[in-house]
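In UniProt numbering, the protein residues as written are 1 to 319.
Be aware that one or more of the hints could be misleading.
Unchecked claim - Estimated spans, in silico, between C-beta atoms of each pair:
#1 K248 - D62: 22 to 28 Å
#2 R168 - K260: 18 to 24 Å
#3 E139 - S165: 38 to 44 Å
#4 N299 - N186: 43 to 49 Å
#5 G203 - K40: 47 to 53 Å
#6 P113 - E139: 25 to 31 Å
#7 D62 - S41: 21 to 27 Å
The hints are simulated quantities; they were obtained by calculation from the structure and are not laboratory data.
Glycine included, each C-beta is placed from N, C-alpha and C at the ideal position.
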Amino acid sequence: MKLSDLLQFDNIIVQCHDNPDADALASGFGVYEYMRMNGKSPRLVYGGRNIIHKSNLVLMVDSLGIPIEHVDFLDNPQLLVTVDCQYGGGNVTFFKAENVAVIDHHRVSGELPAMNRVMSYMGSCATIVWDMLREEGVEINRNLATALYYGLYTDTGEFTEITHSLDRDLRDEADFDSTIVAKFRNANMSLEELDIAATALLGRDYIEEYRLAIVKAGACDPNVLGIISDFVLEVDAIDICMVFSVIKNGVKLSFRSCIKEVSASEMAQEVCRDIGSGGGHYYKAGGFIPMDLLIDSYNVYCREKDVTPRFQYSSDGTH
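With the hints as extra help, turn the sequences into a complete structure.
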């Protein structure tokens, strides 16, 4: 699929996954700008319960003029383009649309629409969008180049996980604003989020046999779980980690692995099997378990084991 294939449609919505990160914002911005340059009037949106409030992402949106909207409803658009996620996936709100296109770099999690560009070996979705823009001969402006560069930077562990030549091309060729990127990099957490991370790390569980750490964090932006996971994996005695947070409507999880024997994506799928959704990449992944399904599963477990439940949560995540 090429971006020009999408110009046959008029009512176009570009959708990021819920709790969009820098890569999703950058990718969506790139597709949005292409549509706008070609005379369309697209919208760039995301759904879910949470509004963007993580410091670096708010700064990114404001500094680069990314016209992202949070929505609860869409009126059956002619075309819905999902970026950095796959239509019907567990991390993206489902909206009906006449036609669907997918641009993503994660492992395929279900049936894809005919219009798709899914390249699971890429370090970021921003790289895919950047390459698609080049295919169309688009001159990428400074703000968009900065967004795409930062999307790749954040999704590849500050470029340490780059393996594909296209990722290297974006890193080396993007005409980005280094001053703005430095501001983003130095606004990754708020003081409140720092306290949440510190408290979580102090209470971590460690299973030496598997070199596995399990960390419970307080309610926070889901992207903060990834920061905690990355930090935990830097410990010399830890090869695998799971960080989770109980939020209002369920449990958000982040998985990391630094060994070839264990896939973070497979861990996420297994933990969330039948009661939620999980997936991602070999070394990093995420998942979500709705509270009502978790409660049902826990109650079944207690009945099967003939034990008394040790805790109770309501369906909205409160005790």
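Problem set entry | G203 versus K40 beta-carbon gap, inside 47 to 53 Å or not | 50 Å, holds
For this session: Take a look at whether the Cβ-Cβ distance between P113 and E139 falls inside 25 to 31 Å.
Result: 29 Å, holds
Exercise. Within 38 to 44 Å or not, the Cβ separation of E139 and S165?
Worked result: 22 Å, violated
Exercise. Do the beta carbons of D62 and S41 sit within 21 to 27 Å of each other?
Worked result: 22 Å, holds
For this session: With 43 to 49 Å as the target window, see if N299 and N186 comply at their CB atoms.
Result: With Cβ atoms ~46 Å apart, the hint holds.
For this session: Can you let me know if the beta-carbon spacing of K248 and D62 is within 22 to 28 Å?
Result: 26 Å, holds
Exercise. Can the suggested window of 18 to 24 Å be confirmed for the beta-carbon pair R168 and K260?
Worked result: 22 Å, holds
Checked against the numbered hints given earlier, the structure breaks only hint 3 and satisfies all the rest.
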